[in-house]
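A.B. asks: Order-wise, the sequence lines are chains A, B, C and D. Terminal number for the first sequence in the working numbering: 263, no gaps in between. Terminal number for the second sequence in the working numbering: 263, no gaps in between. Terminal number for the third sequence in the working numbering: 300, no gaps in between. Terminal number for the fourth sequence in the working numbering: 300, no gaps in between.
I should point out that these hints are in silico values taken from the structure, not numbers from a laboratory. Nothing here was measured: the structure is a model prediction, and the numbers come from that model. Note that CB positions come from ideal geometry on N, CA and C, so glycine has one too. A hint or two may mislead.
Claimed, not checked - Think about it this way: if two alpha-carbon atoms lie no more than 25 angstroms apart in a straight line, the pair counts; the simulated BS3-like pairs of lysine-lysine are: (1) D:35 to A:4; (2) A:77 to A:17; (3) C:152 to C:175; (4) B:35 to B:77; (5) A:87 to D:270; (6) B:17 to A:87; (7) B:4 to B:35; (8) B:4 to C:270; (9) A:49 to B:4; (10) C:157 to C:13; (11) C:270 to B:87; (12) B:35 to A:17; (13) B:35 to A:87; (14) B:134 to A:17; (15) B:35 to A:49; (16) B:35 to B:134; (17) D:152 to D:175; (18) C:175 to B:77; (19) A:35 to A:157; (20) A:49 to B:157; (21) D:270 to D:35.
Claimed, not checked - Some, not all, of what chain C presents toward chain B, calculated at C-beta under 10 angstroms: (22) 23; (23) 24; (24) 77; (25) 214; (26) 268.
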Amino acid sequence: MAEKHLTQDQLEIISNKVVGDGFYRLTVRSHSWAKSARAGQFAHIRVGKGLEPLLRRPISIHGLDDRDAIAFLYQAKGAGTALLAAKRTGETIDAIGPAGNGFTVDARFRRIILVGGGIGVAPLMFLAQAYRAKGTAVTVLLGARSKDCLTCLADFKSLGCQVTVTTDDGSQGHRGYVTDILEQHISAGPGPVAIFACGPTVMMRRAATIAGLYDVFCEVSLEERMACGVGACLGCAVMTTTGYRRVCADGPVFSAEEVVWTG
Amino acid sequence: MAEKHLTQDQLEIISNKVVGDGFYRLTVRSHSWAKSARAGQFAHIRVGKGLEPLLRRPISIHGLDDRDAIAFLYQAKGAGTALLAAKRTGETIDAIGPAGNGFTVDARFRRIILVGGGIGVAPLMFLAQAYRAKGTAVTVLLGARSKDCLTCLADFKSLGCQVTVTTDDGSQGHRGYVTDILEQHISAGPGPVAIFACGPTVMMRRAATIAGLYDVFCEVSLEERMACGVGACLGCAVMTTTGYRRVCADGPVFSAEEVVWTG
Amino acid sequence: MNLTTDIAGIQLKNPVIMASGTFGREYGRFTDPAKLGAVIPKSVTLEARSGNPAPRVWETTAGMLNSIGLENRGVTYFVEEELPLWLGLGATVIASVAGETIDEFVRVAEIFNDVDGISALELNVSCPNVDRGGIQFGCRPRLAADVTAAVKSVANKPVIVKLTPNVTSITEIAKAVEAAGADAVSLINTVLGMAIDIAAEKPALGRVVGGLSGPAIKPIALRLVYETVGAIDIPVIGLGGITTPADALEFMLAGASAVQIGTATFIEPKTGEQVVAGIGTYLREHDYDNITQLIGRARL
Amino acid sequence: MNLTTDIAGIQLKNPVIMASGTFGREYGRFTDPAKLGAVIPKSVTLEARSGNPAPRVWETTAGMLNSIGLENRGVTYFVEEELPLWLGLGATVIASVAGETIDEFVRVAEIFNDVDGISALELNVSCPNVDRGGIQFGCRPRLAADVTAAVKSVANKPVIVKLTPNVTSITEIAKAVEAAGADAVSLINTVLGMAIDIAAEKPALGRVVGGLSGPAIKPIALRLVYETVGAIDIPVIGLGGITTPADALEFMLAGASAVQIGTATFIEPKTGEQVVAGIGTYLREHDYDNITQLIGRARL
Ligand SMILES: Cc1cc2nc3c(=O)[nH]c(=O)nc-3n(C[C@H](O)[C@H](O)[C@H](O)COP(=O)(O)OP(=O)(O)OC[C@H]3O[C@@H](n4cnc5c(N)ncnc54)[C@H](O)[C@@H]3O)c2cc1C
Ligand SMILES: Cc1cc2nc3c(=O)[nH]c(=O)nc-3n(C[C@H](O)[C@H](O)[C@H](O)COP(=O)(O)OP(=O)(O)OC[C@H]3O[C@@H](n4cnc5c(N)ncnc54)[C@H](O)[C@@H]3O)c2cc1C
Ligand SMILES: Cc1cc2nc3c(=O)[nH]c(=O)nc-3n(C[C@H](O)[C@H](O)[C@H](O)COP(=O)(O)O)c2cc1C
Ligand SMILES: Cc1cc2nc3c(=O)[nH]c(=O)nc-3n(C[C@H](O)[C@H](O)[C@H](O)COP(=O)(O)O)c2cc1C
Ligand code: FES
Ligand code: FES
Chain A
1 MAEKHLTQDQ LEIISNKVVG DGFYRLTVRS HSWAKSARAG QFAHIRVGKG LEPLLRRPIS
61 IHGLDDRDAI AFLYQAKGAG TALLAAKRTG ETIDAIGPAG NGFTVDARFR RIILVGGGIG
121 VAPLMFLAQA YRAKGTAVTV LLGARSKDCL TCLADFKSLG CQVTVTTDDG SQGHRGYVTD
181 ILEQHISAGP GPVAIFACGP TVMMRRAATI AGLYDVFCEV SLEERMACGV GACLGCAVMT
241 TTGYRRVCAD GPVFSAEEVV WTG
Chain B
1 MAEKHLTQDQ LEIISNKVVG DGFYRLTVRS HSWAKSARAG QFAHIRVGKG LEPLLRRPIS
61 IHGLDDRDAI AFLYQAKGAG TALLAAKRTG ETIDAIGPAG NGFTVDARFR RIILVGGGIG
121 VAPLMFLAQA YRAKGTAVTV LLGARSKDCL TCLADFKSLG CQVTVTTDDG SQGHRGYVTD
181 ILEQHISAGP GPVAIFACGP TVMMRRAATI AGLYDVFCEV SLEERMACGV GACLGCAVMT
241 TTGYRRVCAD GPVFSAEEVV WTG
Chain C
1 MNLTTDIAGI QLKNPVIMAS GTFGREYGRF TDPAKLGAVI PKSVTLEARS GNPAPRVWET
61 TAGMLNSIGL ENRGVTYFVE EELPLWLGLG ATVIASVAGE TIDEFVRVAE IFNDVDGISA
121 LELNVSCPNV DRGGIQFGCR PRLAADVTAA VKSVANKPVI VKLTPNVTSI TEIAKAVEAA
181 GADAVSLINT VLGMAIDIAA EKPALGRVVG GLSGPAIKPI ALRLVYETVG AIDIPVIGLG
241 GITTPADALE FMLAGASAVQ IGTATFIEPK TGEQVVAGIG TYLREHDYDN ITQLIGRARL
Chain D
1 MNLTTDIAGI QLKNPVIMAS GTFGREYGRF TDPAKLGAVI PKSVTLEARS GNPAPRVWET
61 TAGMLNSIGL ENRGVTYFVE EELPLWLGLG ATVIASVAGE TIDEFVRVAE IFNDVDGISA
121 LELNVSCPNV DRGGIQFGCR PRLAADVTAA VKSVANKPVI VKLTPNVTSI TEIAKAVEAA
181 GADAVSLINT VLGMAIDIAA EKPALGRVVG GLSGPAIKPI ALRLVYETVG AIDIPVIGLG
241 GITTPADALE FMLAGASAVQ IGTATFIEPK TGEQVVAGIG TYLREHDYDN ITQLIGRARL
């Protein structure tokens, strides 16, 4: 059980840098997190010192920088992430985690396809690291604004992933939605293949539908507003085929088949 | 009318330094404030950027550093003053002021006696500057913890004031309360003499009583919890012989005779 | 961009009104009252009132408590000394009326009948800081209706009734004052609250209990506005904790025809102007050409 | 330092209780439940309930809204699966009971009669997030009294009634449940509130309206506790927005015999322990030798 490593820690910041328009890459030192964290898990971070903002912010683990350092990739959207962006090397962040269940990492897949949109790319890097470590072939399909993370493309490539970018207007890579090219990639190589998606709901829903059509293993990482982040408050419920489940504790990763899409 | 100079300004910080145990001296650049401010007036400062803390903090003007710079002396007591203490040179503070009425500065007094306790010393420095500029003899009686402001004694002396310190336990200067020696100072020189007091309520009340006994002009600077700081909310009312008056707009300086002491 | 708003038969140049008791003429130095929809000066009573003992204000997390107690110099002083100043600054003035008895409300309203420059009356039947009148009127549908009807029967200006949140059912009160002839309602007045001064081990406010205002109460106010809009047909003016344009938009999307700003002015005197500007920007960016298109859009 | 507190016939090692719906057993990893006065797990109903649609939580300034809707797996699951875990962690457990009908409350209470390790019952007659039961009971003195009397007539454990702040007169309700036999009351449950998601131009919560909790509501809670303590003779447990030892002390100085901590745990899981420690420090520094000396000291 992932939960067994859940701790509250003051993690020391190694660096916290802009890596795109409003995108930041934060690395912190922690042997225990680096050791126990699994791709798809997140940290529940107290971004302020006082009560403004009140609640912690969930941020996915973006990857391991080395055996003592983990990275986060985040987008400065509102007041909370702005405070995070203002933190400097040497300061600490108060983080609860590694939280959540994480993606399935299974050597039986010969190929995996990562489907990312916007900041949804964040946890997929960690997953790419995990699969590449097993020698699995990794295809990355990045949608729309994913170019916003300037370092991501290079990072995926240096892991040996095959990367394709699509944009709505064709300004970069393929023109259209990232899911438009998903079908061709499913058929384009040996199986068994697995799809992992993280990004806007419409994108994940479409990926789930396609995976269903091709009867391919597919997991999605869901977002929901959170309070506790550890499973206690039932605040982050999403509807599934087995009833309401908690994104923070039963997820954020769910089998695409069990999600009851509402958005 | 003092009110006519009331403005809202972003004042640039020249320096913000520790000058004693929990005491800070903040200087900001402002030609207009330096020109219009009168001793006893205060700035109503927004110490945070967000809504924590919600309200502005009233801080007396401590003096003029030169024709473009004013100084504040403040004690880091709670969350608000802690935020102020964290501000650095080059940042700005959002200040409303110069607010309030100010002390009487009148050349007819041959001598003035300033009675200060604790952080109450803050506005008295500015008043000493004003009277010394007129050549008036200034005696400063500092009570108890006034030594907490390390620079104040030297500053008063360099203005040519005669300074006496008292402490409860006699650890420094006279032993006892600052008002114990007030009577002897009233009689110790030529008149007309005026007393100006700022500090704990008991101290001001005692000074007021003594002034009454000797029929000496006396003004006190009162404190009350404030919201608007400009006279609009009626939140800072204190009882006087003519009914409730607003500390922020009718005060903070009141004639000792009109105050109805409750503390 | 058209920000013109009609409320209770009066036309405001925009829907941003400064709330009673929080916007004194001192703020004319920091912001231009003529640019605001309207200004509601501190509630006036027939005779001068001296208010409650100190401390009267206390800061809380994201809020403040006050127990001013309707201190004011009485209606004559208001008409002769204060109103001309507001009008001189170009403000549209709504007068807030308070009283200990129905008769007092009526008499103040009658005096205002003969005064030019008062666009509407707001009946403060919701002040929590006085022993008689105030909140007692606002907590009982019957009394609230009686005050409203009595004032309506004499007043020659539109009557807005300001409601208290300190009730089990705001819609009951709102319906009662609507039936009694109110032209609009405004809500909320402050939420009853208190604080203890730990250092002194006694209540922080001289009067023990006070009214909570500021950002802390915004979700409470918004719920009450949303429900009230659903229950009555006269316009609802929303207030409680508004500090940003986004806050104001929440109230309007919930169905408020206009908003008021109180405590936020203490923090930033220009809040009113900023909210007007921010609403304009929002309308432009979202391709509305009229503020009324926004009102109630978030209602299910 | 003696922090032992007697409430409704049960003895707690200290007056700090974790509020229902906010302290899951997950928190056993961050803090030691055995060091707390008691833990009140999420309210249980007779059968499992699935709760409300997402979003169920929304942040507000210094507060949060929730509309969980009493999601729980029913009393049997609670007794068999959850309770043993709490007891295994050394916690003193007070069980929160909820229901749509008086009969449901009674039946859950009867089941608890035969269960060891439940020190007391807290009746949640104040949940704002369900269509039936919940707040309806808590808003009407008569209904609140009826639930209380019915449960008291069967229960072999002390009964605490948890009150809602969303009423005109809390003292009326408190007196009614006292007369009906309640051993103590706890207050407040959440304050009704809502938010609008401006980006979507619709209500932020799936259920539109929710319950406001957190520091924002502390002054409201404190006023209600202060008034209730003055109106009844049974002990009052205070809660609403407590995040620091100073907050807890305010409630105790106002007359609360114990406190509960809810939302603050989400921000800092160790809040409960920190409050226990902070109260101890305060007593020491102010030369009290017993926590009971503090209770109600700020009352006039
Ligand atoms: C499991 C999980 C993992 C996430 N991983 C990342 C990541 O790796 N990088 C990243 O940039 N973002 C991630 N997010 C989204 C991130 O949590 C929000 O962008 C962030 O909380 C916004 O906070 P704010 O104060 O800057 O914005 P505000 O809009 O001011 O936030 C206001 C409130 O909304 C909540 N909120 C806002 N957006 C979201 C959202 N999309 N999902 C959930 N809550 C939200 C905040 O937590 C807060 O309660 C993740 C969300 C979840 C649920
Ligand atoms: C006219 C006037 C002039 C002042 N001049 C100075 C000065 O020159 N130097 C200085 O150090 N202090 C001065 N003070 C006191 C200063 O305003 C408070 O110490 C400060 O507001 C405390 O804020 P805090 O957030 O640090 O403390 P907290 O205790 O956290 O403050 C909480 C609340 O209490 C208010 N408050 C706390 N103490 C006081 C107080 N004594 N008077 C009024 N409100 C208070 C705060 O404004 C805030 O609303 C003055 C006060 C007044 C009224
Ligand atoms: C200091 C103060 C004084 C107030 N005086 C009055 C008043 O005289 N009449 C009135 O109707 N409301 C009065 N109010 C209530 C406000 O008009 C407003 O209803 C309330 O503060 C909520 O709005 P806010 O959160 O924007 O401040 C007062 C509020 C404050 C904070
Ligand atoms: C997410 C959440 C769930 C809650 N669930 C319950 C519940 O099941 N039963 C109950 O009696 N109170 C419930 N409450 C109310 C709290 O127990 C408490 O009364 C309220 O939150 C005020 O306290 P606080 O400000 O410390 O959180 C819940 C509160 C929150 C925030
Ligand atoms: S955020 Fe509390 S259960 Fe998920
Ligand atoms: S603080 Fe508002 S009148 Fe003085």
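A.B. asks: Are the hints correct? Go through all of them and say.
C.D. replies: Structure-based check of all given hints:
1. Under the criterion of a C-alpha separation no larger than 25 angstroms, the hint pairing residue 35 (chain D) with residue 4 (chain A) is consistent with the structure, at around 22 angstroms.
2. A hinted pair counts as satisfied when its Cα atoms are at most 25 angstroms apart, and residue 77 (chain A) with residue 17 (chain A) qualifies at roughly 15 angstroms.
3. As the CA atoms of residue 152 (chain C) and residue 175 (chain C) are separated by approximately 16 angstroms, the hinted pair is consistent with the 25 angstroms bound.
4. Between the alpha carbons of residue 35 (chain B) and residue 77 (chain B) the distance comes to roughly 30 angstroms, so the proposed pair goes past 25 angstroms and is violated.
5. A hinted pair counts as satisfied when its Cα atoms are at most 25 angstroms apart, and residue 87 (chain A) with residue 270 (chain D) qualifies at roughly 23 angstroms.
6. With a C-alpha separation of about 23 angstroms, the suggested pairing of residue 17 (chain B) with residue 87 (chain A) holds against the 25 angstroms cut-off.
7. At most 25 angstroms may separate the alpha-carbon atoms for a hinted pair to count; residue 4 (chain B) and residue 35 (chain B) meet this at roughly 13 angstroms.
8. The straight-line distance between the Cα atoms of residue 4 (chain B) and residue 270 (chain C) is roughly 18 angstroms, inside the 25 angstroms bound, and the hint therefore holds.
9. A distance of roughly 39 angstroms separates the Cα atoms of residue 49 (chain A) and residue 4 (chain B); the hinted pair therefore is violated under the 25 angstroms criterion.
10. Between residue 157 (chain C) and residue 13 (chain C) the alpha-carbon distance is near 18 angstroms, which keeps this suggested pair within the 25 angstroms criterion.
11. For the hint pairing residue 270 (chain C) with residue 87 (chain B), the CA-to-CA distance comes to about 23 angstroms; that is within 25 angstroms, so the pair holds.
12. For the proposed pair residue 35 (chain B) and residue 17 (chain A), the alpha carbon gap of about 44 angstroms is over 25 angstroms, so the pair is violated.
13. Between the alpha carbons of residue 35 (chain B) and residue 87 (chain A) the distance comes to roughly 39 angstroms, so the proposed pair goes past 25 angstroms and is violated.
14. Of the supplied pair hints, the one linking residue 134 (chain B) and residue 17 (chain A) is violated, its CA atoms being roughly 57 angstroms apart against a limit of 25 angstroms.
15. For the hint pairing residue 35 (chain B) with residue 49 (chain A), the CA-to-CA distance comes to about 39 angstroms; that exceeds 25 angstroms, so the pair is violated.
16. For the hint pairing residue 35 (chain B) with residue 134 (chain B), the CA-to-CA distance comes to about 17 angstroms; that is within 25 angstroms, so the pair holds.
17. For the hint linking residue 152 (chain D) to residue 175 (chain D), the alpha-carbon distance of about 16 angstroms falls within 25 angstroms, and the restraint holds.
18. Restraint check: the Cα-Cα separation between residue 175 (chain C) and residue 77 (chain B) comes to about 49 angstroms, which exceeds 25 angstroms; the hinted pair is violated.
19. A distance of roughly 24 angstroms separates the Cα atoms of residue 35 (chain A) and residue 157 (chain A); the hinted pair therefore holds under the 25 angstroms criterion.
20. Our distance criterion of 25 angstroms between C-alpha atoms is broken by residue 49 (chain A) and residue 157 (chain B), whose separation comes to about 42 angstroms.
21. For the hint pairing residue 270 (chain D) with residue 35 (chain D), the CA-to-CA distance comes to about 11 angstroms; that is within 25 angstroms, so the pair holds.
22. Interface restraint check for residue 23 (chain C): the shortest CB-CB distance to chain B comes to about 6 angstroms, inside 10 angstroms, so the restraint holds.
23. Checking residue 24 (chain C) against chain B: minimum C-beta separation of about 3 angstroms stays under 10 angstroms; hint holds.
24. Interface hint status for residue 77 (chain C): violated, as the beta-carbon distance to the closest one in chain B is roughly 13 angstroms, over 10 angstroms.
25. Taking 10 angstroms as the C-beta cut-off, the interface hint given for residue 214 (chain C) holds, the closest approach to chain B being about 6 angstroms.
26. Because the smallest distance between the Cβ of residue 268 (chain C) and any Cβ of chain B comes to about 8 angstroms, under 10 angstroms, the interface hint for this residue holds.
Hint compliance for this structure: hints 4, 9, 12, 13, 14, 15, 18, 20 and 24 are not met, and every other hint is.
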